[in-house]
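Asks: Listed here are the chains, written in short residue letters.
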Amino acid sequence: MIKGSISPKMNNKMNKSLRRDISHIAIILGIFVLMILFFFILKPNYLSYDNIMTILLATCVNGLLALGVSFVIFTGGIDISVGCVMTFSSVMSGIALTKWGFSLPLTIVFGFLVGAFCGAVNGFGVTKMFLPPFIATMAMQMITKGLSLVVSGIKPVYFTSAPGYQNIATGNFLGIQGFYNAIIILIVIAVIAYIIFSKTLIGRFALAIGSNEEATRLSGVKVDNWKIAIYSLCGLFAGFGGLIMSSRLNSAQPQLGAGYELEAIAAAVIGGNSLNGGEGSIVGTIIGALIISSLTNGLRIMSVSTELQSAIVGVVLALAVYFDKMRRKNA
Amino acid sequence: MKKRLLVFALVISVMALAIGCQPASKDTQDDKPYIAMIALGYGHQFWQAVRQGAEEAAKDYNVRITFEGPEEETMVDKQVDMLKTALANNPAAVALAAIDVESVTGILKDAKAKGIRIVGFDSGTGEEAEAHCSTDNLQAAALAAENAARILNGKGKIGIVGHSQTVIDAVQRVDGFVEKIEKEYPDIEIVDIQYGDGDHLKSAEVTKGMLQAHPDIDLIYTSNEGACVGAYNGLKEAGKIKEVLLVGFDSSAAMKEGVRSGEIVGAITQDPVGMGYKTVEAAVKLLNGEKVDSFIDTGCYWYDASNMDEDHIKPLLYD
Amino acid sequence: MGNKVIEMKGINKSFPGVKALDDVYFDLNAGEVHALVGENGAGKSTLMKILTGIYSMDSGSIMINNNKVNIDTVRDAQKLGIVMIHQELNLMNHLTVAENIFIGREKKRMRIFLDSREQNEKSSEIFAKLNLDINPNIRVGDLTVAKQQMVEIAKALSYDSKILIMDEPTASLTDSEIEDLFRVVKTLRDEGRSIIYISHRLEELKIISDRITVMRDGRYINTVNTQEADIDDVIRMMVGREIFAVKQEPFTKENAPVALKVENLNAGRMVQNVSFYVRQGEILGFAGLVGAGRTEVARAIFAGENYESGDVYIYGKKVKIKNPSDAVKAGIAYLSEDRRRFGLALGMNVDENISMANMKEFSTLSFINFTKSLKNSQKQKEALDIKTPSLKQKVKFLSGGNQQKLVLAKWLSRDSNIIIFDEPTRGIDVGAKSEIYKLLNDLAEQGKAIIVISSELPEIIRICNRVLVMCEGRITGELMGEEIDQNKIMQYAIKRNISNGRLTS
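Residue numbers (this note's numbering), protein chains in the order written: chain A, 107 to 437; chain B, -2 to 316; chain C, 70 to 574.
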């Protein structure tokens, strides 16, 4: 109607919402930078080339898990199986390589498929069996934890028969000294995750489901199928994590894995993703994962005792979410 | 609905079948004395080696054993449940490596009153045990310290990557090392002690952080397999292998390979197979009314590239 | 009788943009059942919420037992002995009957220990007085709705309330349960308590009430003695003949193809043997009272909810619809009455919402074609005149009318041929309403088949070519052209299935 008269007010509104999105990344970036400066001042070799690479490498496994779990979190769900699914996929690829004689590339792809399959089962449980996501993925956590021990015979599975397996993660990228391949893998996969999130239907429907599942369903979207796809994607990312993990250790350690899911969820949450779903960002998740690894690294360099480290990470987690809530309230 | 019920029934019956097909060793040998063994953990190879030794002894002495343990070495409550369940099955003897001695003392007292014999192994069971079979961890750590000092020629800086601050033997492995160095090697300085939960990846990060904080470290001592392999990978990733020496504890395929190549200068091995064997042996002797020593040292050895293939060491190194 | 326990005079209440109550009068005698009737939105519940302290009035006076009182909080009302039994019962399903009755005032022994025995005994006493057989020790969740209602009544009596307000108490009860309820209500009345009885079921009033007060459009119309009243007169007072309503033209394109035909649809209790059709270019209205089963019909067609039997034909072709995705493929669109819950992803932006139902069109190999989607959203925005600063604006910042247009834009992007509007103007201000009406007409002219579900009779009369009236899950009447008027619709809307003999008691 009277377009001229309302537009100034609306422009104001738009700026506000635009500012909201920028400040969301800005706040966690701010926390990140402040933290780095803090450690840098106290311990200048914190920002040495080697240590930066160490921090980035330490981000890889958690970062990959966090990326996957972020998609599930966007839908308002949760996946607590990622840590054990990661282990299971690495154990299975180890078995495929050593016992079944798979070639190395096939082994790697097989590991990814195992991860994705576990994710698909999670999705099936959530959609077709109506299990709450927490329960469905907790069941998967227990199942994969047990199966990892069973198929490996409670022994690490070594990848020594495939020379070069360890180089997948810790070899030097393009021969640059100290620049691990795993870092490049993380960057590439993070970019892919970003594209999936912002440019494809998976990302769009993940947010739509998280924002209003019923409205999405009533729009004719096959919500169940998309959810299965999203949980599978999360499992696939756990498979990526399994590759990096087993490559770094040159072995699949069947008893590891529990606890990794909480760190991944923490990264996603520090990155500003609401556990209620419907909003969030992949960039936030990556920064969240970086915050966790650079914080623990910094504390270690300062020789802070292990028990205190855990407490400090907890405080940072609480503060990050608190700031995010405040920002939302003020906006 | 019917279809769903059918699927449900199918799943249940497949599971029942799977369980039913497990070797039914438990039920067929009821006449043999039954010894319940409950370890500190289960998944780790160390415990599997203990189990192997225990099973050998069970065969030799014609007794029936069960071997179990919680999946994490911190799950006190789970271990207590396991102990209670085991006692409900009326064992002749119980062998236990307690996570937390206090939480099982009462239960063990009751069991003892019922005539069940108690043997401790590894971390032990406190005062209720009639015999205790374990590595003397303080001694073992001192052995590691001696060798580390020898390699450093009595001078240098050492960092320690531990695996737990709560489990008693883990603490002893660090304390014994520190004590020995402080007492006898004044020119060696221990610059940092950090913990990586025995998680390979975490221990690698811990090691790298330590190197960043103290670039002048000469040697790293690690208190178990997870810590050692973690530190090993950390050193590799940092490109400091052989520049910073590594002393480990326990063994695994990865560690053996590292020791053989000299990238790990050496490590302490316990004798888990012997520990398992001696534990069952002690229990059997108690049941037969024989006298046993209250402490049975199951021994420990220093191994490096030069001696690892010798006959007295080789069987103690497991994959 | 004759002794007034409540007298409300000159009550006024406004909500932003709406005058909810306009100089309303209401009185209540000791020992009577006083029925309060009126259409949806007549102001009955607002008035009762003022009486029970949930809302505060703008002006007016309330006298209780001839004393002027202020009722500012629910607590005040309770102290004055006024208790309302809501349609949605406020009970804790996991607690026992007695625990519910005494919630917040638990009987205690030595100040700390709960004394459940005393609570149970007190509860039993109350039930005995009402001649009811309810075990106070049973979990409320295990009781039928009717018994739960009795628990609510017992709770009110445990406060020794003199005035009970019952909102649609029979809405979900069976015949024998209704008999029980009426017996209890009469017992209470004979004890000298007063009951305000809100109901849509006018035929019940003859049985249970002593007087009837009619409200319409936030105003007091009249109070009559039930004995002397004629139900038709009451209906006339409720709908108000004198209200002038613009009327839709009758549908003239009699040979336009039938877009949607439904035959003998059964879906749960609320959809029984429903058959109807709608032609291309026609606007078909579904009228009836709240809870008549109209939304259920729409959801059974669109989402296959509770589907039991029946056939759906789209342009003569039989289709099977099991989920919304099937319906959307068949060209049906559904705009829910609760668009915030079922229509929009409020946290997402305008473009994302408009394109939601048609992402296949706006993507290649799962990659979103932003240019295409934004272009369409821009087009829809202009066509429907959606007021938003940008297509990236989050939907939750838009007004109700614009949100409704947005949901419509979503379906128009999909080019749906059959559009079901469930309460299209709920929560929308008057100006935006006429815009929506115009849109509906335009869509019909473009050849869409349109179904409008509405509880507002003037709205139905204004926009529909043909009207189906539902009551309790059945279609009770069909009106066309000249026949469409509020009285006729109302008569059909309360035409319950007489065969089960409810009226004979």
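The set of hints was computed from the structure by calculation and includes no laboratory data. Please read all numbers here as calculations on a predicted model, not as lab measurements. It cannot be assumed that every hint is accurate.
[To be verified] Computed, partial: chain C to chain A, Cβ under 10 Å:
id	residue
1	L201
2	R288
3	I290
4	N291
5	V293
6	Q296
7	A414
8	L415
9	G416
10	F436
11	K479
12	W480
13	R483
14	D484
Yeah, the Cβ is synthetic: ideal placement off N, Cα and C, and Gly gets one too.
Asks: Run every hint past the structure and note whether it holds.
Replies: Now the hints, each set against the structure:
1. L201: Violated: closest Cβ of chain A sits about 38 Å from L201 (chain C), beyond 10 Å.
2. R288: R288 (chain C) check fails; min Cβ-Cβ to chain A is 31 Å, beyond 10 Å.
3. I290: Given a least distance of 36 Å, the restraint on I290 (chain C) is violated.
4. N291: Since chain A brings no Cβ nearer than about 41 Å to N291 (chain C), farther than 10 Å, the hint is violated.
5. V293: Violated, because the Cβ-Cβ distance from V293 (chain C) to chain A comes to roughly 45 Å (cut-off 10 Å).
6. Q296: 49 Å, violated
7. A414: 4 Å, holds
8. L415: 7 Å, holds
9. G416: This interface hint holds because 4 Å falls under the 10 Å limit.
10. F436: Cβ of F436 (chain C) sits 5 Å from chain A, so the hint holds.
11. K479: It holds, given that the least Cβ distance between K479 (chain C) and chain A is near 7 Å, below 10 Å.
12. W480: 9 Å, holds
13. R483: With a minimum Cβ separation of about 8 Å from chain A (threshold 10 Å), the hint on R483 (chain C) holds.
14. D484: Since the shortest Cβ distance to chain A is 13 Å, the answer is violated.
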